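Number of protein chains: 6
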Amino acid sequence: MPRILWINPIATADYDRALQEWIDTAKRPETEVDVVSLARGTRHTEYQFYETLVMPDILHRLKRAEKDGYAAAVLGCFYDPGLRVAREITDRMVVAAPAEASMLIAAALGHRFSILVGRRKWIPRMHENVVNYGLEKRLASFESVDLGVEDFQKDTQETERRLTEAARRAIEEKLAEVIILGCGLQYGFYEVLQKKLGVPVIDVVLAALKHAELGIELRQRFGWGHSKRYDYESPPTAEIKAWKLAEQFPEMKGLWT
Amino acid sequence: MPRILWINPIATADYDRALQEWIDTAKRPETEVDVVSLARGTRHTEYQFYETLVMPDILHRLKRAEKDGYAAAVLGCFYDPGLRVAREITDRMVVAAPAEASMLIAAALGHRFSILVGRRKWIPRMHENVVNYGLEKRLASFESVDLGVEDFQKDTQETERRLTEAARRAIEEKLAEVIILGCGLQYGFYEVLQKKLGVPVIDVVLAALKHAELGIELRQRFGWGHSKRYDYESPPTAEIKAWKLAEQFPEMKGLWT
Amino acid sequence: MPRILWINPIATADYDRALQEWIDTAKRPETEVDVVSLARGTRHTEYQFYETLVMPDILHRLKRAEKDGYAAAVLGCFYDPGLRVAREITDRMVVAAPAEASMLIAAALGHRFSILVGRRKWIPRMHENVVNYGLEKRLASFESVDLGVEDFQKDTQETERRLTEAARRAIEEKLAEVIILGCGLQYGFYEVLQKKLGVPVIDVVLAALKHAELGIELRQRFGWGHSKRYDYESPPTAEIKAWKLAEQFPEMKGLWT
Amino acid sequence: MPRILWINPIATADYDRALQEWIDTAKRPETEVDVVSLARGTRHTEYQFYETLVMPDILHRLKRAEKDGYAAAVLGCFYDPGLRVAREITDRMVVAAPAEASMLIAAALGHRFSILVGRRKWIPRMHENVVNYGLEKRLASFESVDLGVEDFQKDTQETERRLTEAARRAIEEKLAEVIILGCGLQYGFYEVLQKKLGVPVIDVVLAALKHAELGIELRQRFGWGHSKRYDYESPPTAEIKAWKLAEQFPEMKGLWT
Amino acid sequence: MPRILWINPIATADYDRALQEWIDTAKRPETEVDVVSLARGTRHTEYQFYETLVMPDILHRLKRAEKDGYAAAVLGCFYDPGLRVAREITDRMVVAAPAEASMLIAAALGHRFSILVGRRKWIPRMHENVVNYGLEKRLASFESVDLGVEDFQKDTQETERRLTEAARRAIEEKLAEVIILGCGLQYGFYEVLQKKLGVPVIDVVLAALKHAELGIELRQRFGWGHSKRYDYESPPTAEIKAWKLAEQFPEMKGLWT
Amino acid sequence: MPRILWINPIATADYDRALQEWIDTAKRPETEVDVVSLARGTRHTEYQFYETLVMPDILHRLKRAEKDGYAAAVLGCFYDPGLRVAREITDRMVVAAPAEASMLIAAALGHRFSILVGRRKWIPRMHENVVNYGLEKRLASFESVDLGVEDFQKDTQETERRLTEAARRAIEEKLAEVIILGCGLQYGFYEVLQKKLGVPVIDVVLAALKHAELGIELRQRFGWGHSKRYDYESPPTAEIKAWKLAEQFPEMKGLWT
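Protein chains in written order, with our numbering: chain A, 8 to 264; chain B, 8 to 264; chain C, 8 to 264; chain D, 8 to 264; chain E, 8 to 264; chain F, 8 to 264.
Please note that a few of the clues may not be correct.
Which copy is meant is left open, so a pair is good if it fits within one copy or across any two.
[Said to hold, decoys possible] Cross-link-like lysine to aspartate or glutamate pairs, in silico, EDC-like; alpha carbons within 20 angstroms at most:
1) 251 x 165
2) 161 x 21
3) 34 x 224
4) 144 x 23
Think of the hints as simulated: they come from the structure by calculation, not from any bench.
Being a predicted model, the structure only gives us computed values, none of them experimental.
The shape of chain A in the complex, shown without the other chains (with noise of 0.2 angstroms):
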């Protein structure tokens, strides 16, 4: 029975159990989630400086978990936090995000796909993901709505009624042919714009689920995990030992034995 660890990168525990639910109505039933939230940090993730600053905490959890058997964590924000570092301390479990997981979803659903962002700021770092993934050339687009992540859920009608417009400017200028909705917070309104407009609205959320149920399958039966030649080769325990990195770092006891 996999499990999969959910790190939903904040220090609150307002959107757990949503997110939890969420991902409960949409996994495989062989598999269990568990959605997790940090114990410090904050409250979102828009500037690189709160993301970095939770960081090591994010890879000590993740590192756990696999100590503690999981099969795959999510590192739940759309930014992809930490995606190549934490294949790189990684042995055998998979380690999947959402923007990665929903443009390579949406490249097998469309030509070009546009994704829509809460802010404009987040627009430079999010492209720079895209080019480092190799997808360049499927993007349409970025569309921003003006909202920062604590609002989608707020006035959900005033949010889907920008993501509704955001998406029918990429569709009818851009020719996006799928829409990815560009933060984990935006999730619970794929189905009704999908509705609306008629192509295929990835909710990041339950792609970067399905990518790690994929990843799960492929390495238990292929074994086909994280490459660790080169990029995510690990840093070797011995020498994180000789350097009593874990006196150093009190939150890295008992990972790297």
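Based on the hints, put chains B, C, D, E and F in the right spot on chain A.
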């Protein structure tokens, strides 16, 4: 119980059974896969002429599959023959193909992948697929092993030797982190290569199978199917009828209604 | 006296005469052009299914043309349907097509060109041709006029109005320096547009004709034909015979000998 | 009877006769070509300084040619020196150049081409031309034969040996399907190379000639000349006169009126 | 005491004094800058013909500057006229230019920059510089203000108004984070724009000055000058002498010894 | 008297003194540089985990430096760890880093540069930096010398031998015109390499120092600092306070006020 039609686009049933068994050991329990080959055509599709010649038969077969309730079809050749047009003519069926599937899977496993092909003749066409899928930046190299499609399963020891050598070259010199075995008839080699090389080695048959299963799940649960805006917009049935195409192309009879 | 076969890939002779006259006024004196349409098929090729359906017939027609001593053939549709496979199966005949021809001509006339298309549905596929021909950097934009293939010659005043408006947008807003009329049935409009707009406006029928004539000259004088290494390497006749393809596909009879 | 001025941008008439004969055997019957070299300047243009130094003389010569009724001019060096500015200052004359011509021709003959150059020093500059013409994706490689411009016609056997070797490397290792002999003084080798190698080998003198003839035909029949919007917009004659440029640069006398 | 020669590539001294003052307030104390314009030529270089015409004079001036002990020279026009050839003919002098300098500076200040130009005619040429410098991915947009070079300093209020409007468009619609004033005669506006807009606004005169000073420091302290391998390899003095170029081009007298 | 804080992101002071001396001989007279290393952490940052682990400490140190009046900070590792987030959290301090600095300097010295790295593991990550900085077109190659960070200064003769060999390969085979020594601990080798190779060899410590000094000058004289629109927009201090981050992360105490 979702059914997948695996279309082996060659006019020989020689490989059907081996492929069926190969697939059956890897499919999800709830999936049912039917491997079929063509009633007429060629024994391989190394030349574009061969695939073009049989493409209408493939498309008619595919369209019938949709009518017959198949949830997905796979175009079983690494050229991904007719992937785009297949998505154009179907309305609710998932269409998957080996090259797209294995590249989208490889993209989440490592920084760059290399594709091992039979003959250098294949490379320009396959390279265009990499470009068209938008994944050129993730490609480390193509490596040819100088074997025709029908040679792979003849002297399997020699095939294995050549694949290993080509993969080593890709990993050591081009920094490939993932290897894709770029032909459906390279099935059966991935495990031993993977063990030898220490990096994930993608069997494209299995990749296409898993992609088809994922596609079915995404469509059934979330309604995420191939977008019908722009690129995959279907030809109007009314037009097809008005032009009496089925009278001109008898194989079309009963398919567009 | 070099002969060119102009294949209009639709199953209606409605436009043959107009095209023949259009071409005859523009051809070199020593060239002879035969405009043909198909015996069966569709009235336009806006959908990839339509062109795929008739592609074998086109290829057989083309192969017969080579046997009959034609020096060149033109695939008369702006999708350039089957351009690559047509070059694969021919040995000494030149194969030209409107999109490739007009873009290679436009590239020497200005910094960037825009392509006026009928419907937005066409753009993803045509954009891939631009990319595959390697000319993406020279593309200013696609502009749609929201007309189907068969509409262009209906209300020619309205067509002209829409083409002018779209071209103006391309020139003023996207800095296009050359305009390409991206459909074979936009013939007849280039002169008046050119006069109004003050930039070269490419009629793709004439462009393909001139490219075919150039190709003939290059081959006859210098032996510069389509390279048969790698991408355009021909399928071996021996294989085609051994597989008795002509018995399976009767239209092939007598073509591969 | 259209006349073409072939400007050999070097100050020696040593090659004029050989080039004139080479061209005369290949031109269309109705074309007349005048090969000229410069009254002052250098013996080759391997360095950008050399071409910059003589560029005003070239441009004045070109502008006079237009006044004298030439239908086209060719800038006879594979750097395509001044191609863009030459098109800026002319109003109705076609301007062609070897690199642009041979690449646009090669693009229709195979998937990728390689360019054989004399010295590696030339490559960065020529590579930028490939990029600026938008054809980088069609370039397989540059291959250097370590010969200066003036060496090509000295020991022709050695030249042929080196060109053959470099072309083989390009074809076998870089998958080039077409070879371009990237220097005007590599004339005369293409036929023997073509026979040996089995792929088209482009002589850039002949390519430029045919491109010029095509350009003339396109302009005369269809009015398709170099676009005067934006990049090739001409400097206003009134300004040139007001500034009394001809008094400052005596060679300009009588050219701008 | 390092000296910099600022070459204003126009034949009017009208702006020399203003530029000299502008530069003197910004230079390092130890630097000495001499602003010169040309003895003959044009009043602006909007057309490539104008810069080509005076390029030999510029290069001779530059070469003499090197003989005279200048540590650096600046080619004072945003087309960066002759930047590459200037580096080819010099051995130890630094050569800087406004477009290269301002883009390399802007690249460290924000994710993307926009360039405000006078007329749309300039854009294709300048865009190629962006591409050739390898910085296309950092370009947000070009914005034209529809003013000729000589208009910028005429009605400075109107100039400021147009620059502000164009910059706003770049920032709000194209997400530019840095603005470059893409003409040497847009000097004097950066401060007020910067205050209004709240993003860095690059004065290209100052950028080129600082880049020249940096270049001098890097060469003097670390020996990091323009590489003489390949692209900037100098023409051999012996060849220049053997060909008696100075007798043919009197302005060269005494420069190559 | 502008002060620069040089943050060596490793938890050993072993190299501080050597680096301080190396820097002090090269800095401008008016600059003061303080080299510091970290109180806790790792001995090198070859793995992304190591840099992620210490990143919060680095950022707090950097933020304090800004409060303490430093004019600039340098992130002293060729991965440029946290460059973007460092610019996000600072308001008036310049942030420089070795990779960005050396590439922007190299771009003005030659057509293409090669980067010599220690181990092939580093290349994917560093390659992404090249891409993200927009300079991929200027990259000739990465060359690995198969040495860990801590090996460079051990057997310096062997290091020099390997660097020379790798640089030669880059220059002769990949046409590199400039060499970048891609690790802060490759300091001290550039002069001897430069003499041997005849091309500029960039020491990345010195490059970062000069870039920091330039940045200070640009900010102080012209107000050109890192743009705070979009990508580098700072997190609001009010939010940081409201969330009581300093109580959760004690190292933040007193930094955001």
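Outcome of the hint check:
1. 251 x 165: Intra 52 angstroms, inter 30 angstroms, cutoff 20 angstroms: neither.
2. 161 x 21: So residue 161 and residue 21 pass the 20 angstroms test inside one copy only (13 angstroms; across, 53 angstroms).
3. 34 x 224: both (13 angstroms within a copy, 10 angstroms between copies)
4. 144 x 23: The answer is neither: 35 angstroms in one copy and 36 angstroms across copies each exceed 20 angstroms.
In summary, the numbered hints that this structure violates are 1, 4.
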